[in-house]
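> Spelled out, the chains give:
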Amino acid sequence: MSAKIIICDDEQEILDITSMILEAEGYTVIPTINSLTVTELVASEKPDIVLLDLWMPGLSGDQVARQLRSDEAVKSIPIIVISASRDGREIAFAAGANDFLEKPYDIDALLSIVNRHLLGGEQIAS
Amino acid sequence: MDEFHDQFPNIEQADIRIFAAAVNASSNGVVITDNTQPDQPIIYCNAAFEQITGYTKDEIIGRNCRFLQANDREQKGREALLGAITAGEHCKVELRNYKKNGQMIWNELRISPVKDSNGQITHFIGIQNDITARKNAENALADEKANLEKRVTERTQDLQESEDYLASIIETIRESLVVLNEDLKILGVNEHFCKFFQVKSADVIGKGLLSLGDGQWNIPELKDLLVNVLPHNNPFEGFELENEFPDIGRKLLVLNARQIVLEGKYQDRILLAIEDITERREVEQRKEDFISIASHEMKTPLTSIKGNIQLLERQAIKNNDTAYLNGFATATKSIARLERLIYDLLDVSKIQSGKVEFHYTTFNFDHLVEEAVKGVQVTTPTHQLIITSKCNTDVTADFGRLEQVLINLLSNAVKYSPAAKEVKIHVTKDDEFVKVAIADTGIGINADDQRKIFERFYRSERTTEKFPGVGIGLYVSKQIIKEHKGTLWVDSDEGKGSVFNFTVPINRA
Chain A
1 MSAKIIICDD EQEILDITSM ILEAEGYTVI PTINSLTVTE LVASEKPDIV LLDLWMPGLS
61 GDQVARQLRS DEAVKSIPII VISASRDGRE IAFAAGANDF LEKPYDIDAL LSIVNRHLLG
121 GEQIAS
Chain B
1 MDEFHDQFPN IEQADIRIFA AAVNASSNGV VITDNTQPDQ PIIYCNAAFE QITGYTKDEI
61 IGRNCRFLQA NDREQKGREA LLGAITAGEH CKVELRNYKK NGQMIWNELR ISPVKDSNGQ
121 ITHFIGIQND ITARKNAENA LADEKANLEK RVTERTQDLQ ESEDYLASII ETIRESLVVL
181 NEDLKILGVN EHFCKFFQVK SADVIGKGLL SLGDGQWNIP ELKDLLVNVL PHNNPFEGFE
241 LENEFPDIGR KLLVLNARQI VLEGKYQDRI LLAIEDITER REVEQRKEDF ISIASHEMKT
301 PLTSIKGNIQ LLERQAIKNN DTAYLNGFAT ATKSIARLER LIYDLLDVSK IQSGKVEFHY
361 TTFNFDHLVE EAVKGVQVTT PTHQLIITSK CNTDVTADFG RLEQVLINLL SNAVKYSPAA
421 KEVKIHVTKD DEFVKVAIAD TGIGINADDQ RKIFERFYRS ERTTEKFPGV GIGLYVSKQI
481 IKEHKGTLWV DSDEGKGSVF NFTVPINRA
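Protein chains in written order, with my numbering: chain A, 1 to 126; chain B, 1 to 509.
What the hints contain is simulated information worked out from the structure, not anything from laboratory work.
No residue lacks a Cβ here, since even glycine has one placed at the ideal position from N, Cα and C.
Incorrect hints may have been included.
[Unchecked claim] Label pairs and their in silico Cβ distance ranges:
#: 1; chain 1: B; residue 1: 211; chain 2: A; residue 2: 71; range: 51 to 59 Å
#: 2; chain 1: A; residue 1: 109; chain 2: B; residue 2: 386; range: 27 to 35 Å
#: 3; chain 1: A; residue 1: 36; chain 2: B; residue 2: 382; range: 49 to 57 Å
#: 4; chain 1: B; residue 1: 322; chain 2: A; residue 2: 71; range: 44 to 52 Å
#: 5; chain 1: A; residue 1: 116; chain 2: B; residue 2: 311; range: 31 to 39 Å
[Said to hold, decoys possible] For lysine to any residue, the following SDA-like pairs were computed, each having C-alpha atoms within a straight-line distance of at most 25 Å:
#: 6; chain 1: B; residue 1: 374; chain 2: A; residue 2: 106
#: 7; chain 1: B; residue 1: 478; chain 2: B; residue 2: 448
#: 8; chain 1: A; residue 1: 4; chain 2: B; residue 2: 315
#: 9; chain 1: B; residue 1: 374; chain 2: A; residue 2: 108
#: 10; chain 1: B; residue 1: 287; chain 2: A; residue 2: 86
#: 11; chain 1: B; residue 1: 333; chain 2: A; residue 2: 15
#: 12; chain 1: B; residue 1: 350; chain 2: A; residue 2: 4
#: 13; chain 1: B; residue 1: 318; chain 2: A; residue 2: 57
#: 14; chain 1: B; residue 1: 318; chain 2: A; residue 2: 105
#: 15; chain 1: B; residue 1: 333; chain 2: A; residue 2: 113
#: 16; chain 1: B; residue 1: 333; chain 2: A; residue 2: 108
#: 17; chain 1: B; residue 1: 318; chain 2: A; residue 2: 86
#: 18; chain 1: B; residue 1: 374; chain 2: A; residue 2: 86
#: 19; chain 1: B; residue 1: 482; chain 2: B; residue 2: 447
#: 20; chain 1: B; residue 1: 355; chain 2: A; residue 2: 94
#: 21; chain 1: B; residue 1: 333; chain 2: A; residue 2: 13
#: 22; chain 1: B; residue 1: 350; chain 2: A; residue 2: 13
#: 23; chain 1: B; residue 1: 350; chain 2: A; residue 2: 91
#: 24; chain 1: B; residue 1: 287; chain 2: A; residue 2: 60
#: 25; chain 1: B; residue 1: 478; chain 2: A; residue 2: 85
#: 26; chain 1: B; residue 1: 333; chain 2: B; residue 2: 355
#: 27; chain 1: B; residue 1: 355; chain 2: A; residue 2: 55
#: 28; chain 1: A; residue 1: 4; chain 2: B; residue 2: 304
#: 29; chain 1: B; residue 1: 333; chain 2: A; residue 2: 85
#: 30; chain 1: B; residue 1: 374; chain 2: A; residue 2: 55
#: 31; chain 1: B; residue 1: 318; chain 2: A; residue 2: 93
#: 32; chain 1: B; residue 1: 355; chain 2: A; residue 2: 86
#: 33; chain 1: B; residue 1: 318; chain 2: A; residue 2: 25
[Unchecked claim] If you want the ones that stay clear, here's a sample from chain B, every Cβ over 12 Å from chain A, calculated:
#: 34; residue: 154
#: 35; residue: 247
#: 36; residue: 335
#: 37; residue: 336
#: 38; residue: 342
#: 39; residue: 432
#: 40; residue: 461
Bound conformation, chain B alone (with noise of 0.2 Å):
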């Protein structure tokens, strides 16, 4: 009557409608192979089978089951269904498929033998439920897993690396160190802690910082900055602390403290770095005394000099003798270049060691300005120096200080400009600052000097011959206007001359 019943002749007629109703029903695909066929060619399959394979019916009828793995073929449920199929066993197994349009999906393929009455195996029926939802699932769960795993093992490893690497550089660094609690209490202290202080780590761990010794470490300024350190992360540097200390004597220390951070267990830690500079001070003091010295020691045969040109210059021009005029010129020039020198010599050495002293008074800034400029015309009967604009300002400022800084600009324009015959000087303001410009048309500095001239004893290859020099006035100025918090650079082209700029805030805050 039609081929459900061929192939199944003892189920009733009325029966077998019903199941194939149900089978056709199933959301699980369900396929019908026959075994007595040569390599068991599908010979049913239902609605569902179709609709997740993507084949049709009469694409799939009279096939093998494996057309749907494609290429596919090395697979692990494979094995384990030609060894069903061979036993004529039941067996569930999970197969990579592969739709018409060559999607993957995950097969879950329960298959089931039919045996006729003489035990013959006639028929497997497959049921087929797509689990590519589930599978993909469990597969990016396991892969999660694994990366879960790897990544704890690796951060494992890190922190194990990251604190021996700390440690080792807290053992080998050639500085104190020590590690508080928030209430300041000694958790640690590494090597050269011990044997700067001599003491055993033993002995000071435990303890209070500002309880150590006789109270070297009591001092209230710094009892309130470690106590910031935590609650606001509230980082310090050079804190100095001059004191008596138990077996070696007075030192000189710089602390800095900061807060650390590292992963957890150390938080509310606080990482104090002690530095002796003792011996650092005394040297710079010495240098600093040496220089002061050296250059009081160079005034006073300069004095003598200086007084003997002078006095002789005097009685020359009394006895009318000309003769020596320009010698005389000459000696006084170089004297107040070495002056100047001296001078210079003197502010490089305090300003390295911070100890320029700047007197602010308020005073008119044009006025600041004329006065230099007529102190350095004065000695150019070369150029002229052009006051072109001004900026009508009062403003508070180290008035010496900065007529020694347009000296030094002055001076260097003319300097450097030998062919011209002015120098001419901008002066402007705006809201916060006066500004001036001191612009010559002279050699010019190329950009790679532009960058280097600020800096203590640069001189410029191209200059050092035929402008002597030795590097200073250009390093002091920057450092006087940066004490004064204003900027001051250069604008140039080379061989067409040179605009050094700086800027004065009018109000000190």
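Next comes chain A alone, as it looks inside the complex (with noise of 0.2 Å):
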């Protein structure tokens, strides 16, 4: 079974592309464009992995990693933000996210950082 991704977020397009680049990669992608709402969709859906946008309406990214990491279900699925603000890597680690991957960004740094905490994640499982 392919690993299971979701991604929050607020810009449409941006959900499309990335989607369609992990989707041509093989990987089940969830996107939603609402952060109010994500922190139920990680619970109900237990993804492999969950890439975060910072600036969102409703909740930020850091919000939303900090609320995932603070839930004993969902606390161990790896958190990846993608901004465009080059300040957000402080902001990203400090709430507990894994990685942080700058706007815009390559598609090659995005399948790398995704397969690298996938990979993590199944060796800690192992």
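Using the hints, put the two chains back together into the complex; each one sits in its own frame.
As structure tokens, then:
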């Protein structure tokens, strides 16, 4: 079964392109534009990895990351923050994210960072 | 018997000799003129007279005394003298006389008439005293006194004018000004202060600055700065104070203070200038926020464009469809340029507001240069980037920012030497600095442009058409090197190429 990825971004075009890239690699992608409900979505879908934008209306990416980290059931799921803010890196790590990718990203960079954390998760699981 | 006896027949012979000897020994010049002859010639002069005038007896006897005045006839003393002679009276005058060598002497002349038994004036006796030295001293003293009075008058006027001048400046200036004494008591405020803080000057004069309002000014750091202004003549600038003030609300103020030194009576005073930068800071902040948001917003569509282009390119490669590969490569390059532009814009905005953060670490400087060269070489098929020397030195600096400078300078070297095949990078060091010189053999920069290329948004007219760009890179680079306490400069010959050099201190002190 292919790895399941949840992406949350308030920009539809970012959701579209990121989904396309990941789906082309064979991942199952669940995109959502609503940051207020993404925590529930993660809880019910139990994805292998979560990709979060930082600045979103409703809840910001670091707020979502903190919520996920405080939920026992999903706290070990890797979180990658993808943001256009260069100072987003520090904010992301402070909120408990596993990694940070700056927009505009290269496809290769996106794939390698996702692969790395999926691999890391499997290694921990095995 | 002799001429003296002839003139004064009633005087005893022995007496005459004594008188004659006495007169001749006198240090005053003595002359006797004959009033019975036309033009009253001199018939006697003593040795001192010869001495004082520089003429010999032969040249003196037989002449009228006026020959001593040379051509200087318009003299005040002369009138009095002529009057006395006509009236046959004693008189004392001061005359300008001239020695045989032309030198002017002040002659204090006393004349006395000698009368015969009929009361007719037969002779005048003139006693001459050289008072040049005294006269000069008197004149010098008078000059000095006049000069002094003039200076006092001028100075007083100057002071009055400069006081009026200062007062008009102080009242006109659109900045709040406060004059404090050494105890930080308010001695005066200008109109702007009263308007700005909505107070009357009478309500604040005489009060301590730190006790004004509800203690908005009572800030230990400010007090420290202010009490140090006078004893050590320690002016300060740029102290920022943000507080809620009665009636006018929250204000951000910037304070400058210095000692007033204005001739005597204003010593020991502090002039405190208060500038309201609340609005300016808000505008700066808004501008910065705008650029920050705008560049963030630009990155979203750019992410979509970049992702889609790269995805299409991958699929094209997978399908062995080579028709559009050049198009993809061009688009990728354009995207990279747009990305760099957005970063530069952000940098300019941050640099201007002094908000660039620098992260200093210690690293091998050669490694930094190699990384930057490698990065630029990858996208540069036309030129060979050659590192010709190394420094083998660790420096403490911001790796990312210096890499940005290197990439900018290397990209420029490539861009502005389209006909060349290589760019050389020399890395050297001395006791304090590492130095990088990036040399191209391109179009070069004329002397006029060399001065301006580090200015923000400056573009040389020659390059605008052939070489696109917005004129940010060198400005940002210069600011980054400046922040490192290094120097960035260019040596260039138009038509032969340019060498961009920068230094960075090895130890950040």
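> The structure should be examined with respect to each hint, and the outcome stated for every one.
How the hints compare with the structure:
1. Range check, residue 211 (chain B) to residue 71 (chain A): about 56 Å between beta-carbon atoms, so the 51 to 59 Å window is met.
2. Range check, residue 109 (chain A) to residue 386 (chain B): about 29 Å between beta-carbon atoms, so the 27 to 35 Å window is met.
3. For residue 36 (chain A) paired with residue 382 (chain B), a C-beta distance near 52 Å keeps the hint of 49 to 57 Å intact.
4. Here the CB-CB span from residue 322 (chain B) to residue 71 (chain A) is close to 50 Å, well matched to the stated 44 to 52 Å.
5. Between residue 116 (chain A) and residue 311 (chain B), the C-beta spacing of about 20 Å breaks the proposed range 31 to 39 Å.
6. About 19 Å separates the Cα atoms of residue 374 (chain B) and residue 106 (chain A), which keeps this hinted pair within 25 Å; it holds.
7. Of the pairs offered as hints, the one joining residue 478 (chain B) and residue 448 (chain B) holds, with about 18 Å between alpha carbons and a cut-off of 25 Å not exceeded.
8. A threshold of 25 Å between alpha carbons decides the hint, and for residue 4 (chain A) with residue 315 (chain B) the separation of about 23 Å falls inside it, so the pair holds.
9. With a C-alpha separation of about 19 Å, the suggested pair residue 374 (chain B) and residue 108 (chain A) falls inside the 25 Å cut-off, and the hint holds.
10. At most 25 Å may separate the alpha-carbon atoms for a hinted pair to count; residue 287 (chain B) and residue 86 (chain A) meet this at roughly 18 Å.
11. The hinted pair formed by residue 333 (chain B) and residue 15 (chain A) meets the criterion: a straight-line CA distance of about 24 Å does not exceed 25 Å.
12. Between residue 350 (chain B) and residue 4 (chain A) the alpha-carbon distance is near 40 Å, which puts this suggested pair outside the 25 Å criterion.
13. At roughly 39 Å between alpha-carbon atoms, residue 318 (chain B) and residue 57 (chain A) are farther apart than 25 Å, so this suggested pair is violated.
14. For the proposed pair residue 318 (chain B) and residue 105 (chain A), the alpha carbon gap of about 21 Å is at most 25 Å, so the pair holds.
15. With a CA separation close to 23 Å, the supplied pair residue 333 (chain B) and residue 113 (chain A) stays within the 25 Å bound.
16. Our distance criterion of 25 Å between C-alpha atoms is met by residue 333 (chain B) and residue 108 (chain A), whose separation comes to about 16 Å.
17. Restraint check for residue 318 (chain B) and residue 86 (chain A): not satisfied, since their Cα atoms lie roughly 33 Å apart, outside the 25 Å limit.
18. At most 25 Å may separate the alpha-carbon atoms for a hinted pair to count; residue 374 (chain B) and residue 86 (chain A) meet this at roughly 23 Å.
19. The hinted pair formed by residue 482 (chain B) and residue 447 (chain B) meets the criterion: a straight-line CA distance of about 22 Å does not exceed 25 Å.
20. Our distance criterion of 25 Å between C-alpha atoms is met by residue 355 (chain B) and residue 94 (chain A), whose separation comes to about 21 Å.
21. With a C-alpha separation of about 22 Å, the suggested pair residue 333 (chain B) and residue 13 (chain A) falls inside the 25 Å cut-off, and the hint holds.
22. Using a Cα cut-off of 25 Å, the hinted pair residue 350 (chain B) and residue 13 (chain A) is violated, with the two alpha carbons roughly 29 Å apart.
23. For the proposed pair residue 350 (chain B) and residue 91 (chain A), the alpha carbon gap of about 19 Å is at most 25 Å, so the pair holds.
24. The hinted pair formed by residue 287 (chain B) and residue 60 (chain A) meets the criterion: a straight-line CA distance of about 23 Å does not exceed 25 Å.
25. Between residue 478 (chain B) and residue 85 (chain A) the CA atoms are separated by roughly 24 Å; this keeps the pair inside 25 Å, and the hint holds.
26. Taking the CA atoms of residue 333 (chain B) and residue 355 (chain B), the gap is near 30 Å; set against the 25 Å cutoff, the hint is violated.
27. Straight-line distance between C-alpha atoms of residue 355 (chain B) and residue 55 (chain A) comes to about 21 Å, which keeps the hinted pair within the 25 Å bound.
28. Of the supplied pair hints, the one linking residue 4 (chain A) and residue 304 (chain B) holds, its CA atoms being roughly 22 Å apart against a limit of 25 Å.
29. Distance check on the hinted pair: residue 333 (chain B) and residue 85 (chain A) sit about 22 Å apart at the alpha-carbon level, within 25 Å; holds.
30. For the hint linking residue 374 (chain B) to residue 55 (chain A), the alpha-carbon distance of about 34 Å lies beyond 25 Å, and the restraint is violated.
31. As the CA atoms of residue 318 (chain B) and residue 93 (chain A) are separated by approximately 36 Å, the hinted pair breaks the 25 Å bound.
32. The hinted pair formed by residue 355 (chain B) and residue 86 (chain A) meets the criterion: a straight-line CA distance of about 14 Å does not exceed 25 Å.
33. For the proposed pair residue 318 (chain B) and residue 25 (chain A), the alpha carbon gap of about 13 Å is at most 25 Å, so the pair holds.
34. Residue 154 (chain B), annotated as away from the interface, keeps every beta carbon of chain A farther than 12 Å; the closest lies near 64 Å.
35. Residue placement check: residue 247 (chain B) keeps its beta carbon more than 12 Å from all beta carbons of chain A (closest about 38 Å).
36. The Cβ of residue 335 (chain B) does not lie farther than 12 Å from every Cβ of chain A; its closest approach is about 7 Å, which violates its non-interface assignment.
37. With a minimum CB-CB distance of about 10 Å to chain A, residue 336 (chain B) fails to clear the 12 Å threshold, and the non-interface call is violated.
38. With a closest Cβ-Cβ approach of about 9 Å to chain A, residue 342 (chain B) is found to fall inside the 12 Å limit, against its non-interface label.
39. Consistency note on residue 432 (chain B): stated as away from chain A, and its beta-carbon is indeed over 12 Å from all of that chain's, at 32 Å minimum.
40. No Cβ of chain A approaches the Cβ of residue 461 (chain B) within 12 Å, the least distance being about 33 Å, so the stated non-interface status holds.
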